[in-house]
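> Construct all of the structure, not just a fragment, from the sequences and the given hints.
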Amino acid sequence: MADVRTRALRLLFACATLVATSLFQQAQAQARLEVSEASVKAAFLYKFPGYIDWPASTFPSAAAPFTFGVMGQDDVAAELERLVAGKQWSGHPMAVRRVNGDNGLAGLQVLFVGRGAGDRVGAVVRAAQLPGLLVVTENEKGLTYGAAINFVLLEDRVGFEVAPEAAERNGLRISSRMLAVARRVVQR
Amino acid sequence: MIFRSIRSSIRRKVILIVMATTVSALLLSAIGLAVYDLRVYERQWTSDLTLQAEILARASAPALQFDDRDTAAKDLKLVRVRRMVLQAALYRQDGQLFATYARTDAGELPGFPEHPAADGYRIQGDQLVLFRRVVENGEPLGTIYLRAMYLPWNRLRDYLTIIGVVMVASVALAALLSGWLQSTITGPILEVARVAREVIDKRDYALRAKKTTGDEIGELVDSFNGMIADTGRRADALREADQRKDEFLATLAHELRNPLAPLRNAVEILRMPVATPQMGTRALEMMDRQLLQMVRLVDDLLDVSRITTGKLMVRRSTIVLQDAVRDAVDTVKPFLDARQHSLELRLPEAPVAVEGDRTRLAQVFSNLLHNAGKYTEPGGHIAISLERDADAAVVKVADNGLGLDPAFTESIFEMFVQVDRSLTRTQAGLGVGLTLARRLVALHGGSIAASSDGIGRGTVFTVRIPLSGSTPEAAGLAPASTQNAPRRRVLLADDNVDFANSLASLLTAHGHDVRVVHDGAEALRVAAEFLPECAFLDIGMPKVHGYEVARRLKASPATADCVLVAVTGWGQEDDRRRARDAGFDRHLVKPIDPEQLEAILAGAGRAAKAGEGAPAKG
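Chains as they are written, first to last, in this note's numbering: chain S, 134 to 321; chain W, 22 to 639.
No wet-lab data here; the hints were simulated from the structure.
Nothing here was measured: the structure is a model prediction, and the numbers come from that model.
For every residue, glycine included, the Cβ atom is placed at its ideal position computed from N, Cα and C.
One or more of the hints may lead you astray.
Using C-beta positions, here's what the derived DEER-type ranges look like [what the hints assert, rightly or not]:
| no. | chain 1 | residue 1 | chain 2 | residue 2 | range |
| --- | --- | --- | --- | --- | --- |
| 1 | W | Gly128 | S | Ala195 | 38 to 46 Å |
| 2 | W | Pro134 | S | Gln221 | 30 to 38 Å |
| 3 | S | Asp207 | W | Tyr62 | 39 to 47 Å |
| 4 | S | Gly265 | W | Glu129 | 54 to 62 Å |
| 5 | W | Tyr62 | S | Gly183 | 34 to 42 Å |
| 6 | W | Leu130 | S | Glu298 | 53 to 61 Å |
| 7 | W | Glu129 | S | Pro188 | 50 to 58 Å |
| 8 | S | Gly265 | W | Pro134 | 43 to 51 Å |
| 9 | S | Gly183 | W | Leu130 | 48 to 56 Å |
Following this line, the structure appears as structure tokens:
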């Protein structure tokens, strides 16, 4: 009898352990996905300038920084700050600035409007139609609002779609090599 | 058979040469090209593949950066147009395989490497593996991997196939060409070879090779034909000379034997107790005549040997030609008288002076007179005349004898030639008289020619000798008078006992004091005590030879004044020189003319050397 009980207890314990373990693992995986999604977006943001030409007039001086503006997604901003530390773009030191509204966009080369921006996205994107500014969104209507690049999530993998004309409106040219890896290229 | 093998061998050689040249040239150039091409192939293929990898790297850099495996795979798939590329792969910077491509029709392929290797290429058998970093803006992103076929041996095989085909074609063409060309080269050579063999087989020197080309081979054919002609002429000349020599030897044997019978008869007559003094005198006269004839024959023989060895010499001095003609007439007169010929002698009053050798010129004229007497029927008429024209003395010997076919006017001067073979052998002679005459006249700078109006109309020999600018000297040595010859002490050394004793008897009869010895040692011993005024020494004596005896006699003060006379059977210039070197004052050749002997003895007391070099007949 005692044996049976002991056995049942053991089984229960084992089941509990199993469930607990799987739950923990699931949570962990979720966390990792979120973390990796932010870092992937940060990495992409960091890599985009390698395929885009900014006119020299974008920079007030040769020593002026190449500045990323991040709005509404602090984990991306943090990851991006880590990535650009000590890096340069064509001789300009890279920097990251957290942006909260549609003002404070001056001096930026890249503006990322994250999911945290909520329904302000459209207004911000429209306000960000400035020469030499690359606007990146994370919104189904991002390109419609006028962004040049928009992140999409497909099968748990981060990808992006591009509207080259939106970039050209701001005086930027996106390399065809980058277009080759875009999920979608929107032409008018 | 032999022809066929020669033919085929030279043909085969020419073809072989052409083939060997062609094949070796082709092989060498093929090897050179193959080696060069293999190196170029490796360099080109690797650089080609590197470029490929670079393009891939550049194209796939965004895919790597934006983590787009699909695009990366699509990029890699671009290499499928390069059929030689078997596999392609893209590794991330952390070494993880990112995208792959493999040819589906390439058969069994090794798996993709788990991790990329360092940049560069490696050849693995018939495949080439290449790694290349993907770098974007100075940032390493990953590695491209390519695996491609590397088939230099296929290329080499293609090469060898082409070379093989070219070689077979070239060899065939070369064989055709050489077959066509060689006929122009070997054809004439084979013709020469054929003719050469035929000439050797048939001994037919009239054969000639046909000349078909004007090049060196044509020259060869000409030279070859010339050589055949020359060889033919030589063979004819040799055969003729050989025949003449045979005839000459037969004649010589006969001529030498002829006088022996009368001599033996004369000896028998002298032995006969019943022989009257008259008979004895006649026998002696006959013996003298026959001996003279033999001496003449042997002299002729010696002259023949001088002609053949080119040692015939004349001594030059200014002489009166009339003297030589008279000498000749004196010599030949008895013979002409015996043949009952009448002799007409026409000489100009004024002396005709020429540079020459009186004895030799007398020999020329006596030979011509003897010849005329021989070839004229007994009771004929013979004339000798001397005239002078602008620059030469002209001596003509004419007869009314057998005459001469004008075709033979030159050939009669050749050695051993006798025109009329119908002559009885007793009269024939050796057939060297005219040869000798022509040679002697030539040595005097003159010429001799024969002419005839034809067979049976007599012959005229004309001798021309250039005139001398100077007047002749007074006659040389006055003939020694035997009566007044003073008594001399004479030493006679000769191992020929008969010769020595007979000469000793002759000298003793003339009143000289004579000692006879038979070897060199004895000669030296006797000379030391006898102190001879004159010594006749044989050269080839036992114990001490004549040269040595002469040297020692001259070295000893007691006998230094003695006149030394070498007596030998050899009269060549070389022998005379050696005798002079040994210290001999005179050199006589056997048989010795008694008059010469007396002349020497007469002069022995006074200037011993005044007479050196005086003509010694021989």
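> Falls inside 43 to 51 Å, the C-beta gap from Gly265 (chain S) to Pro134 (chain W)?
45 Å, holds
> Given the hint of 38 to 46 Å, check if Gly128 (chain W) and Ala195 (chain S) actually sit that far apart at their C-beta atoms.
The hinted range 38 to 46 Å is violated for Gly128 (chain W) and Ala195 (chain S), with Cβ atoms some 58 Å apart.
> If I claimed the Cβ atoms of Asp207 (chain S) and Tyr62 (chain W) lie 39 to 47 Å apart, would that claim hold in this structure?
Given about 60 Å between the Cβ atoms, the range is violated.
> Taking 50 to 58 Å as the stated bounds, is the beta-carbon spacing between Glu129 (chain W) and Pro188 (chain S) within them?
Because 55 Å falls inside the window, the suggested range holds.
> Mind checking the hinted window 48 to 56 Å against the Cβ distance between Gly183 (chain S) and Leu130 (chain W)?
35 Å, violated
> 53 to 61 Å was suggested as the range; check whether the CB atoms of Leu130 (chain W) and Glu298 (chain S) agree with it.
Given range 53 to 61 Å: violated, Cβ gap about 45 Å.
> Between Pro134 (chain W) and Gln221 (chain S), does the C-beta distance stay in 30 to 38 Å?
Given about 35 Å between the Cβ atoms, the range holds.
> Is the gap between the beta carbons of Tyr62 (chain W) and Gly183 (chain S) within 34 to 42 Å?
With Cβ atoms ~38 Å apart, the hint holds.
> Could you see if the CB distance from Gly265 (chain S) to Glu129 (chain W) stays within 54 to 62 Å?
56 Å, holds
Violated hints, in rising order: 1, 3, 6 and 9; the structure is consistent with all others.
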